[in-house]
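**Q** Next come the chains, spelled out residue by residue.
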Amino acid sequence: MQMLEKIWGLASVVSACRKKSFAGSVLAVAVALMATVVAAQRAAPLPDPFPSTYKPLPRVDTLIEHATILDGAGHRLENASLLLRDGKVAALGSNVAASKGVKVIDAKGRWVTPGLIDVHSHIGDFPTPFTLEDENHSDVNEDSSPDTAQVWALHSITVQDPQWERERAGGVTTIQVLPGSSNLFGGRGVVLKNVPAVTAQEMEYPGAMPSLKMACGENPKDTYGDRNQFPVSLMGDVAGDRQDWADAEEYMRKWDAYNAKKDPSLPPPHRDLKMETLAAVLRGQILVVMHCYRGDEMAVQMDVAREFHYQITSFHHATEAYKIVPLLKKNHVCVAVWPDWWGFKREAYDGVPANAAFVDAEGGCVMLHSDAVVDGERLNLDAAIAMGAGRRAGVNIPPERAIEWLTLNPAKSLHLDDEIGSLAVGKHADVVLWSGNPFSVYTRADVVLLDGAVIYDRNDKARQAVTDFELGQPVLEEAR
Amino acid sequence: MRAKQAMWTVAPLFATLAVAAVAQPARPDGGRIAVIHAKAYLTPGKDAVENATILIENGKVSASGANVTAPTGFRVIDAKGAIVTPGLMNSSSSLGLTEDEGAENTDSGVSSGPFGEAFDPESALNANSTVIPVVRGDGLTRAAVLPSNSAAPPFSGQATLLVLNDGQHILDKAHAAVVAKVGGMIVKSTGGSRAAAWMLLRTALDAAVQSGKPATASKAPLASFAGTTPDNLAALKPVLEGTIPLVIECSRESDLRQASKLVDEYKIHLIVVGAEEGWRVAPLLASRHISVVLDPFTDSPASFDQIGARLDNAAILDKAGVQVAFKASFVAVTFNAGIATREGAGIAVANGMPWNDALRAITSGVAAMWGIGDHYGTLEPGKDADLVIWDGDPLEPTTNPVLEMVQGKEVSLDNRQRMLERRYAPSQVSSPVPPEYRP
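The listed protein sequences derive, respectively, from chains A and B.
Its first residue numbered 1, the first sequence is counted upward by one per residue in my numbering.
Its first residue numbered 1, the second sequence is counted upward by one per residue in my numbering.
Bound conformation, chain B alone:
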């Protein structure tokens, strides 16, 4: 269907969109692609490079910049001045672990059995989930998937990082973090007091520390619970070694202060998810190098834990030097994680965050936060070629991707929603053919 010219352009946009809307096999370009005439955010956080060329070989960026020229033998994609960014990353979803939140197709949490810190939903990942192409169609190419709950609260289990290509190998990084959550709305899970949640966290961390020492040096643990079984404690080892972060989902200022104490006591790397009252303790979080994944849409006191929620939370934390990334709520957590990630970044900008910082928060900044900054997050040489060509400012909800690559391979922007839209398009209204006989 698509003309196989050596060069095609992303403009006029509608023509391109029409092309992009039809799933196509990857062009046999030998994996060598040159994106030219791009307004490219090669290093998010810095200004765009005008008239940039990005060379892609073997799935990675091999060269990029204004002074790069496309060698012969490369498939050339002319961006015609359009904005090009790295593929975007969302920081808190159940992508690959749910289809419609039915119990039979949702695998993000367990409420019974032996697993706490060790609960790892990675083996349940479903690369054929229809949700993945939907979020990818909004420019998302990476995602942190967080477990929802485990049988050993306050721990939820292990985080998994995804690369949203169109194949079966969507795992970027397993065992990327150990996740826990503390708060008033989940207080029943730890017996009725959030103090117990903090005590159980410390109990497990202490036990994990002791488990690495000779028996003679051991002291009796404060308590034992499901989280202190050997398998669960083993999962905490890389946290204590500092190779992966501990993630704590919490909102209230007092909990943020408690979380920061853990950094001092255990010398661990911490990410806070939520942090609605984070703006109150921005310098503290910055001083402990605590990163924050926040919901830029929220400014309502949805619970007593987040009475301090406000829209400039991202701007204040960013200004204080805290690495910020974004998530969203309810439907946008997973099903609309793509549009919500970039619209949320736009809302953060509307409330005071510099645009360049907001783009960094959904690309290189979030990559560094989750420990994959070595291979994803910028369009600098050596990085995976995740990139999106946009028909406007990517933080505007009216903007759409026109071409997208994951790991150097062009991916279809098509998905089940767009097929439904074609099947039921206004132009089909008078068709005598029943919709189910249409493509």
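One chain only, chain A, in its complex shape:
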């Protein structure tokens, strides 16, 4: 148990931050000149040597009727219908009729929400079953140097991790997998469609922006301090960040100068994969996700971002977000939090369960994230804990609002809110049909659809994925 917790602690230690920028607002806070540069270059997607090969699973047009629908954008519709056609939301409301050949699901007494989005996961790059090898050589942390911006979480992914299915059963359709938090710059994160697959590329969300996982606080300084290497202190953490950003600026200038000459006869500058990632952040092509717990440290990190003209999309964990909501709003940074994790390390000592409710009530942007599958498979119940704590503390968050913590807000932080995160006509048909109010402990996800295809059905074994790892395990058979 102790050992498992230690490993688990490693994973949590690993969490990062990601940055979210609500379109437009990001630019408002950036220095005007840089903002222009960022806007101009964000249009140019980064070359992707590992492109998505995702294809939606077979699907049929479906009408879900007589449901209580939380649309993910703040609305609650009673006795309403949702029509899914060609993998998209085709209609939503009280007067939606099924045309011929459409599968009809009677959802009387049941609730419907958008597919949930888990913005902070280590599934696949910290795959189960955990082993003793993970204590020192886990695939979640390239903790050989405090700056490993060159590594990609995609390349650590074990697709045959049973944890994907656990989150499917919890209604999670989109997952951002991040490197751990041992390093100041942990590497690139990746957004995945939660479908059973043979290769990681088959899960990649087509067109999603990559992220850079960064970490502040105890983890980097503990990881390297224990080895008597830089950084050993919080000030070392920040100095390490700033030096690497300064180097990245120089690297970017070198390449900009080369590209400006448009002379193919000139030898190109040395290609440094680490600097390439950081430069792409400075060009606005990669979203920054930042693991931080404390309010004072988040404030410093937002200043660093301003100094080097990048936007932190979101702070992850952010146990003290409730202390600095005005600052988060001013800098247009979202936070991804647990409902109640606290105490397990010094920097988490001031965590409070009303954190999410307070950030929301003060007009900030908040999401719930998992880090561990035990939370990822019940993000809805994590939200319920946060709602209960908010109510006790005087902040009432209704279900149609709380669901945004798990849907539209994470979609915005991934810059995917034009495709997913709410049930609006034209958006992807990522849908969860719940057996009841999703914020009740007794409720289960009955059916989960991704791009209109059923990826999980609680009452149909044929739609419950069994990993290759689990196949043929005698212990999974019924007791003899």
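Worth double-checking, as some hints may not be accurate.
Estimated spans, in silico, between C-beta atoms of each pair [unchecked claim]:
1) A/His137 / B/His175: 36 to 44 Å
2) A/Leu476 / B/Asp264: 21 to 29 Å
3) B/Ser224 / A/Pro474: 31 to 39 Å
4) B/Ser254 / A/Ser144: 32 to 40 Å
Pulled a few chain B residues facing chain A out of the computed Cβ check, cut under 10 Å [said to hold, decoys possible]:
5) Ser300
6) Arg310
7) Phe335
Please keep in mind that the hints were generated in silico from the structure rather than gathered at the bench.
Just so it is clear, CB atoms sit at the ideal spot from N, CA and C, and this is done for glycine as well.
Using the hints provided, position chain B relative to the given structure of chain A.
**A** Relative to the frame of chain A, chain B by itself:
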């Protein structure tokens, strides 16, 4: 601050919550309290008694039921139909033994020195830990504290039972069990094979049996290790006498079967903590009266030892007649032991366990398991008055306690987290007063 009416109510809930949020000295009620109009689970496992009255005197329930009336001179608390349960109990934490898991304030285990079975963290208990009011604020009034490791693996040391009152005397029962653990992820602690863990367990049990016999009857022990020193063997004596249980933390079916053999061989009372694959051997565990403390949240193969983990483990074991109780993992082991205990029970219900059985698993059932059922676990006459008035179904995460008593004394629901929440409440955002000058 609180109005000192002779009668006050728990409704409207928000008003009550506001009251409850402010720490108050206990009302001078002479220890005589009547909770009336309660939907009370007086005997968990059975249905609630509607419109029940619970009389409390000298810290204990003196009468309870639908036909009980409040005598004059009792402070009356009108539950107005709200659910009332016994205070809840968690079965596997480090409460009182850690503050933030820093080495300097964590005392749940030792890795060197002479102590194995005899390692007893009780003298390190810190009643001023900020964690205790946090878990109490979620309805927890009792807790089994398990040692994490000792210098004589596979033994971890002795279990301690806590009563989570707001004073300095939080010990309910010391030497409540001897704890050991076996499994693949800790295999290095016994030299590299779990077989050695079982051999060392038997070695110690055999040596403890022999130590009570005349020298002439003794046979040479299989081996000697730190666990076979006289002090450590003495700690096993009550286990062999059947007065306290042996606790084995293990997950895999093969280990559960090995554990059940110990019951046959040594006629001991056994509690298994973990038992992720327990559903595979439910009738076996039931036949040996082995109780199980399990994590109802887990259905992932977190290690090769628990490939069989599934969410209906609790329901299957319960149906087979195994006494089940709950624990949680990682942060929820200790820091969120309160919410995790009742949410976990709710998850067990969502996966097939009857609601009444789930409540029993976190009150009277777990009390019996740990040997304190004589004084805690129900709201029947003679029991310690640990009770919680809830603003909804206690197994729902959205529910909060509105009033809580431990041993007949109302305890504050306030804690450091709630003070931080008041200090940084949305209503304070525009305050010119720096937070540290606020209350």
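**Q** All hints, please: hold or fail.
**A** Do the hints match the structure? See the list:
Between A/His137 and B/His175 the Cβ separation comes to about 41 Å, which falls inside the hinted range of 36 to 44 Å. For A/Leu476 paired with B/Asp264, a C-beta distance near 28 Å keeps the hint of 21 to 29 Å intact. B/Ser224 and A/Pro474 have their C-beta atoms about 38 Å apart, which keeps the hinted 31 to 39 Å range intact. Here the CB-CB span from B/Ser254 to A/Ser144 is close to 38 Å, well matched to the stated 32 to 40 Å.
For B/Ser300, the interface hint holds, since its Cβ comes within 10 Å of a Cβ in chain A; the closest pair sits about 5 Å apart. The beta carbon of B/Arg310 is positioned within 10 Å of a beta carbon in chain A (closest approach about 8 Å), and the interface hint is therefore held. Annotation: B/Phe335 was flagged as interfacial toward chain A, and the flag holds, the nearest CB pair being 4 Å apart, inside 10 Å.
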